[in-house]
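With these hints in hand, go ahead and build the complete structure from the sequences.
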Amino acid sequence: MKTRDCRAILRKALPLVVPLLAVVLAAGIGSAEESSDCAVCHDKLSKQFETTIHGRIAEFETLDGRTGCVTCHGEGTEHMDEGGDATKIRGFGDETKPEDAAEVCTSCHRSEALHDWYGGSHQMSGVGCADCHQVHAGPGEVARYSETCMNCHEDIQARMQYPSHHPVREGHMTCLSCHDPHGNSFGMLANDERPEELCYGCHAHLQGPFVFEHEPVFEGCDTCHDPHGSVANNLLVQNEPFLCLQCHEMHFHAGLEGEETASGMWYIPAFDPAVGTSKPDRDTLPDGMVEIPNGMSGYKQAFVTKCTQCHTQVHGSDSPTQTIPGRGAGLMR
Amino acid sequence: MIRNPWPLLLIVIVILAGTPFLAGDGEDTEPPEHKTTIEFTTGYQGSSIDDELLRVAEYDSVDPSPLTGLLWRSSPYDTTTVGLELFRIDADDMSGAFELDAARKARVEATMDGFIHRLDNDPVANLKATSDIKTVRSTDLDFGVDHHIRNQLYNVEAKFQHPGVLGLSFRTGFRATQREGTRQVLSTSHCTSCHVVSQGREVDQSTRDLAVGAHFARGRIDFDYEISGRKFEEDGLTPTAPYEAALRPAPAGWKPAEDGSRGDPCVGADPALWEPGCVPASTPAPFDDRLWFQSTDLTVNKIPRVERLAHKFKARAAVGDDSSFKLTIVQSTTENETTSLEYDFTAYRASYYTMVGRNLRLNVYANHEELENDDVFVDLPAIFGPAPAVGYPGFPAPPGVTFQNWRRSDGDDEPAGLAAYNALVEFEQYLRESRLDRTEDRLGFDFVWRPVRRGSVRFGFKHRNVDRDNPATKLGFDSAGNLVEFTVDGETTDNTFKVAWNQRFRKRTRLNAAVTYTTTDNPYANVNGGLRQFAGYRASDGGVLGSTPVPPGPRGTASLQYYELHAFRVADLGLHPSEDLTMRANARWSPKKAKWSLGGNARFRTAENDELDYTDWQRDSWGVGANVLVAGGSKFLFNLGVDHAFQETDAEAIVPLMDG
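So the protein lines, in turn, are chains A and B. Final position of the first sequence in the numbering used here is 345; the numbers increase by one with none missing. Final position of the second sequence in the numbering used here is 1157; the numbers increase by one with none missing.
If you're looking for bench data, these hints aren't it; they were derived computationally from the structure. Treat the hints with care, since some could be wrong.
List of simulated lysine to any residue pairs, SDA-like, C-alpha gap at most 25 Å [as the list claims (entries may be wrong)]: (1) B:K799 <-> A:S58; (2) B:K1004 <-> A:D143; (3) B:K532 <-> A:S58; (4) B:K1090 <-> A:H165.
In silico contact screen, one side only, chain B against chain A (beta carbon under 8 Å); selected entries [as the list claims (entries may be wrong)]: (5) D557; (6) L788; (7) N798; (8) S848; (9) L877; (10) I880; (11) R932; (12) S953; (13) A1150.
Note that CB positions come from ideal geometry on N, CA and C, so glycine has one too.
Structure follows, in C-alpha cells:
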C-alpha cells in the first residue's frame, strides 16, 4: 500500500477513532451482577460463562435490568430449594421449542441485527438460536460461521468446492459476508437494497452507472453468475460462448471459412505509418509477415471461443467502441 | 503480510493505551480481576499445485511457507476485555482481529484480512485466421505474466450505549478495501484486420464505506436508522491500446501498396496489360471500413470513480403477544463521478408476522422498488468528429456497398424502405434511455405448519412484477405494411411456489428438503438477439426490408450486411426461464456422543423457456454429494467429501449466414 493510501485510510478512520475513544474514556465502569448462587453447583459452567459476552452483559443492556444466569433461565430459587430440580427452572434442552428459546433471546436482542428475525426463513423453519450459537461457550469456542451453516446447507458446501468459487473455503469470506442468517427485509441476504448492491460492495468497479449498458446486468448478477460456485470460470453459470449464445446470435464472422496460406504467413501492416510509432509485436516476423496458422477453422476458433476476448466490458462502459453500426455500444473499450 | 497494517495497528495501539483509564471510579469494592490468555500457533503449509491448476487455487498460497498464529485475550479490569488475534500464512495471506469491550458501553471490533487472488492470463492464441481480404491476429504483450491482485480488507465496527438512556444505542462502521496488482486487459482494433492486443493493467482500487446508525427500542416498538456512504476509486493507470489503420484491400484494377493500403490504380483499360500485382478485374469490390477512429491510441478499460449515499430506516411494532409489523424504507443514490451519471433507488418494504394458531406461523410481505437512472445523449460526432468519409480521393466507394453509403443515400434512388429505416433509427446521435429504469413489486407469504416439536413444513408463495420503463425496441411492419419500430412488452411477472420440510430427530439427525417452482410470464430476453427474416421476405427478392426492392450492389447481392443485421435482428433470445423447478435435500446423521457425522445432499434443477418467439431451450442439472465431518473440538476439523455434478443444456443457437 502506498503511503498516501495509508494516510487516506487514516484520514478516513480518524473520524471514527476519535469519537470512539472519547466515549470509551468517558465511560465509567459498571458492575455486572454476579451469579454466585448458581456457581455453587454449576462452578465449571459459571467460570466459563463469565468469559462469554453474556457473562459480561451490563444492566443497562437488558430492558428489565437483570443480568447473569437469571436473565435467560429465570428465577432459580425454587430450583435451588428443590435440590436442583431441573423442572423448576427454565431450561433449553431438547424438550424446548426453538421458538420458545428464541423468544427469550429476542427479549434482549432487539438490535438492528435481529430486527427481521420474526418472519425470516430460519425463524419460520423452526431454526432456533441455539442451533447456531453456543450460549455458554467462551471465547475461542464459538463455532466458525461457515461451518455452522454447512451443517444444514451441504448442497451449498458442495458447490463451494467447484473450481470457480468465492474464497469461503479459504477462510477469507464467510457465509455472513453475503447472508444474514437472522433474516432481512429482503430475504436472507445481508442487504436491504437490491441483491446486486451486495455484490458491488466488493466489485465496485463494475457498478457504474455506465453510458453504454448491458441490459442483463440490471436483471441481476445471477443472470450470468452463480455466487455459490461453478465449474465455468468467473462463477459463470455456463462457459463462454454458450452463455452468450443464449441471448445473442453467433458473430457474423463466425460462418466465414478461413484459408491456409501456402507459407502459413500473412502480410499485415502492424500499424498505420501515419502514426509514426512502432510498437512491439511479438508475432510480427522480420519480413513483416505474421503467422496465421489456424487454416479453415480460423474464424470459428476466433469468433466462437470466448466473446469477452473482444467484448471485454460486458458489465458496461463509458467509452464508445470503434465501429459506427454498433452506435458505440459494442462494449469493447 | 498486509502491506501496510499501520491503520489498524494504530487503532489498536491507541485503544490499548487508553484502557488504563477504564479502571473505573474507585467505587468497586473488589480488586479488579486480571485474566490473560495467550496462545501461539505455528506450523508449515505446503502445496503441490502447479501453474496449470491455478484456476482451482485462485485464492491459495502456492509457495510453501511457515504459518504462525497468535491469540491474546486479556481482561485487565473487571468489565473490560481486550482481545487480539493474528494469523499469517505468507506475505500475501494474513488475517487479524481486535476487539475491545469497555464495560459494555463501548464495543469495538476490528478485523483485517489479506489474501491473493490469482487471475487468468488468456494467451489469445485462438485469434488467428485469414481469408481473402480479411485477417484476425493477436499480440500478447504480457505473455506468461502471473497476474494477481492482493486484496486487503479492513473493517472497524463500534457500538456505543449510554447507561443513562435505556434502549438507545449508536453504531458506526468503517470498511476499507484495497485491491492492488495487475490483470490482463484485451483490446480489439478491428474492421478489415481484427487485431486483439493483450497487455497488463495496473490495478490500484480502493473502496471506502462509512456507516453511522442508531437503534432505539422501547416497549413494543423498535426504530433503526442508518446512513452510509461509499467511495470507490481506481488509481491504476488507465491503459491505452493501438487502434490501427483499417486495412483497405485494393479493388479490381488497383495495385496494393506494400503497407497494405489500396495503392495506385493500374494503368490501361485492358486488364491483360496491367502490371503484375494488380487485382484482377473479376475480383469483387471490397468493402470500406465503418470506423469512428483509427490510426490512434485510445484508453481502454477506463474505470470510473463511484460514490454512493444510502439512507435506511426500519421500524417494528409488536402487535399482541405473537404478532409484529415491520416497515423498511431504503433510499440510495449512486453516482458515476467520471460521467456524472447517477441512479436513484427507493424501496418500501412491509411485512406482518403472526401466529395463526399454536403450530401455525404466517408471514405476509409486500415490497415496492423504484429505480431511476439518468438518460444520456450519445453524440458520437461530438466525440470523434464527423463520421469518416467513405472511399478514397479519386476512388469513391461504390454506392450500396458501405454502411455509410446506405445510411447517407439521400438521392432520388433512395429506397423507400431505407428512408423509413433511416427515419426510425439514428445511429450517430441518440438518446440512451436506461434499461435500468423500472418499478418492481413483490407480494407474498410464507405459511409454516409445525406438526411436531422439531419439524416444520413451509408453504411459500411470491408474486413478482417487474415493469421496465424503457424496454427495448425492434423493427417490424404494422398492419398497413409500414415499417415501424415496436416497443416490446417490458413487463415480467412471475409466481413462485415453495414447499420446504425441515425435521430434526433429537440432535443426531437432521433433514431438510425443498421444492421450488417458478413460472414466469414474459421472462426477460434480448429482443434483438438473433437474425430473423420478416414474414414474406425472401432473400432472393433483393429487398432489404421487404417492402421495397433494393438494387443489387457490386458484390452481387442487395443485402448490406450491417444494415440487414441491425434491421433483422428481431428474434428474441434469452436465458431467463419461463418455468423453473428446483429440488434439494440435505441430511446429516451423527451417532450418539460421537465426534463425527455423516452428511449427504442431492439437488436437481430443470429450467426451460418456451415463450421465446422462435427458439426454445431447456437446462437440466443435478448433483449428489456425501461427506464425513470429524470435529475434535474447536481446534480440529476434518471434512472429506465427494460430489458429482451434471448439467445439460439443449438450446438453439442462431448461426449467421453472412461473413462481414
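A quick look at each hint next to the structure:
1. Under the criterion of a C-alpha separation no larger than 25 Å, the hint pairing K799 of chain B with S58 of chain A is inconsistent with the structure, at around 59 Å.
2. With a C-alpha separation of about 10 Å, the suggested pairing of K1004 of chain B with D143 of chain A holds against the 25 Å cut-off.
3. Proposed proximity of K532 of chain B and S58 of chain A is supported: the alpha carbons are some 15 Å apart, at most 25 Å.
4. Of the supplied pair hints, the one linking K1090 of chain B and H165 of chain A holds, its CA atoms being roughly 22 Å apart against a limit of 25 Å.
5. Satisfaction of the interface hint for D557 of chain B is found here, the shortest Cβ-Cβ separation to chain A being roughly 6 Å, below the 8 Å cut-off.
6. Given hint, L788 of chain B at the interface with chain A, holds; its Cβ is 5 Å from that chain's nearest Cβ, closer than 8 Å.
7. The beta carbon of N798 of chain B is positioned within 8 Å of a beta carbon in chain A (closest approach about 7 Å), and the interface hint is therefore held.
8. Restraint check, S848 of chain B versus chain A: the minimum CB separation of about 5 Å is within 8 Å; hint holds.
9. At its closest, the beta carbon of L877 of chain B sits 5 Å from a beta carbon of chain A; the interface hint therefore holds under the 8 Å criterion.
10. The restraint placing I880 of chain B at the interface with chain A holds, with a minimum CB-CB distance near 6 Å, inside the 8 Å limit.
11. At about 5 Å, the closest approach between the beta carbon of R932 of chain B and any beta carbon in chain A falls short of 8 Å, and the interface hint on this residue holds.
12. Checking S953 of chain B against chain A by beta carbon gives a least distance of about 4 Å; that is within 8 Å, so the hint holds.
13. For A1150 of chain B, the interface hint holds, the least distance from its beta-carbon to any beta-carbon of chain A being 5 Å, beneath 8 Å.
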